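Below, each chain spelled out in residue letters.
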Amino acid sequence: MLELQALSKHFGGVHAVDDLSLTVNRGEIFGLIGPNGSGKSTTVNLICGVLPVTAGTISFEGHDITSAQPHRAVAAGLARTFQNIRLFSHLTVWQNLWVAQGRTDGHESSRFVKRWLAGDSTARRSVSDLIAFAGLSDRGDEYAGNLAFGEQRRLELARALATGPKLLLLDEPAAGMNLEEVRELDERLRQLVERGITILLVEHVMELVMGVTDRIAVLNFGRKIAEGTPAEIQNDEAVQEAYLGSSNKA
Amino acid sequence: MDFYYGLLQIIGMHTILGLSAYIVLLTGQVTLAQAGFFAIGAYIAGMLTVLAGWHLVPSMLVAAVVSGTVACLVGFPALRIKGLMLVVATMAFGEAVRLFWFNFDYQRSKGEALVGPLGGEGFKQIRYFPENGWTTGEVATFVWIWVALIMAALWWIDRSRAGAVLRAVGEDELAAQSVGINLTAVKVTAFAVGGFIAGIGGAIYAHYTTHIEHSNFGVILATFAIAYPILGGLTNVVGTLLAVIFIQGFLVEGLRFLGDWRNLLFGALIVLAMNVRPRGLIDERAMLFLRRMFGLAKRGTNA
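For the record, the sequence lines run as chains A and B.
Under the numbering used here, the residue at position 102 of the first sequence is numbered 128, and the numbers go up by one with no gaps.
Under the numbering used here, the residue at position 231 of the second sequence is numbered 233, and the numbers go up by one with no gaps.
It is possible that some hints are incorrect.
Unchecked claim - Far from chain A, by Cβ distances over 12 Å, these chain B residues were calculated: (1) F5; (2) L9; (3) W56; (4) Y108; (5) E140; (6) E215; (7) V278.
Unchecked claim - To spell it out: a stretch of chain B is covered by chain A in this simulated footprint if at least three of its residues, at any positions, have a beta carbon under 8 Å from a beta carbon of chain A; those stretches are: (8) 168-176; (9) 180-191.
To be clear, the hints were calculated from the coordinates, so they are not data collected in a lab.
All of these numbers come straight from a predicted model, not from anything done at the bench.
Just so it is clear, CB atoms sit at the ideal spot from N, CA and C, and this is done for glycine as well.
Okay, chain A solo, but in the shape it has when bound (with noise of 0.2 Å):
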């Protein structure tokens, strides 16, 4: 479904990412990980457009996103969520969920005429259903900005849902949070699969990359170490020479 084919960046000198290759397949949680700094939300602007290539290809749905701008990948059907939330805090929660929905069949005028008529009564309904599933009803009205810390994260995944996403990717989506939110990240992660979504997951948090992820990728120094089911991964020597340092070389 989204392929990169030896994709880099370069800061500079910086080789934020490397000749990275690899594949989300249809229907899988992917997981992205790595310790900090080695590449990992670089990837997910590169896929997102909201930084150009250096050198590489993207492709989604077999089609080139390479230098695609970021509305264009939306419109391709990506959508994202940030390492730090960025919500719009002086939008309402409805107000969030309504400006993604830019994403729907039909042309743009025709579209604006005919939800004028029909007084915006499909997408206020979608809306409604989002702010269920975000856990958020009744909180309609509330500016996002006054929102707890987890309702925040929970609004801002269904921001992304709201653009009509074929491919979410979220980047640290348990950051900060406790035992308890990751089990129910993990259980909303598991709902949004059976809906037919699929999810590349960049995470630091282990319960939630090893329990949800169907194959996970590792990065270090922007290049891939390895990649295979999280129980390979767990056994992987660069792996782990990756996250605890080279051990036992005496």
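Place chain B on chain A using the hints.
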């Protein structure tokens, strides 16, 4: 009575100017170009009624379309710059427009006299209102019909999804792009609509004063244009109107008895107002209060 009609006209025109900046500010772009668009509207409409002998309303609309188009062209390069750099760039544009009119001569004979813009001397004899026998009261009504139309249109945009999109871009461009919003389209549209509105304001202004010159459209006017919505708050268009009434009605006219000290107090009061109400006179909390007071339905269930 004429004094009050005159004041009403001024407040109306400045409200239109402020609203032209309001929509651009919603997208997070601080612009000092509005005086330039105001000037384009003023000169074009003036030329159409005086030189071409058009009716005022079509002249205004053509003038607004011209300044909207120029605004659209300015919007594209402005996309690449943000923050202070944008302020400087738009200010430079405004000055370029002013200097264009400073150098622009286009006079035609009308009866015995020559009429039309004459560079630094300005554009005199834009006498549409007196020639057609409009009273000051009628002019004031005419101005306020436009104010009402523009406020209603912006109010409607604000309540629609478009309003939320503009604000989303203003708050966080990266997040806005990431939910599928086309930044280029949104920012350029905001600029174009702002230019259109400023053009209407300028067109009215030219016919109100009957004599315009380049120095009317300097940085001071551009600063006023953004001061209104910033002071009034970007929560809704009413804030801009209140800010114009506060500045033009109270600070400029109401404090006239203070003589030269007025200007000092003027600045101090604006600083004070911004400190007391950092998000403007009408902020989210004020709106929440008003909505509760009048028991209006909430957005999520009704809008």
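Outcome of the hint check:
1. F5: Non-interface label stands for F5 of chain B: nearest chain A Cβ at 40 Å, farther than 12 Å.
2. L9: 34 Å, holds
3. W56: Per Cβ check, W56 of chain B is outside 12 Å of chain A; nearest 31 Å; holds.
4. Y108: 39 Å, holds
5. E140: 35 Å, holds
6. E215: 41 Å, holds
7. V278: 19 Å, holds
8. 168-176: With 5 residues in contact (Cβ-Cβ under 8 Å with chain A), the coverage given for the segment 168-176 of chain B holds.
9. 180-191: holds (count 6)
Comparing the model with each earlier hint shows no violations; every hint is respected.
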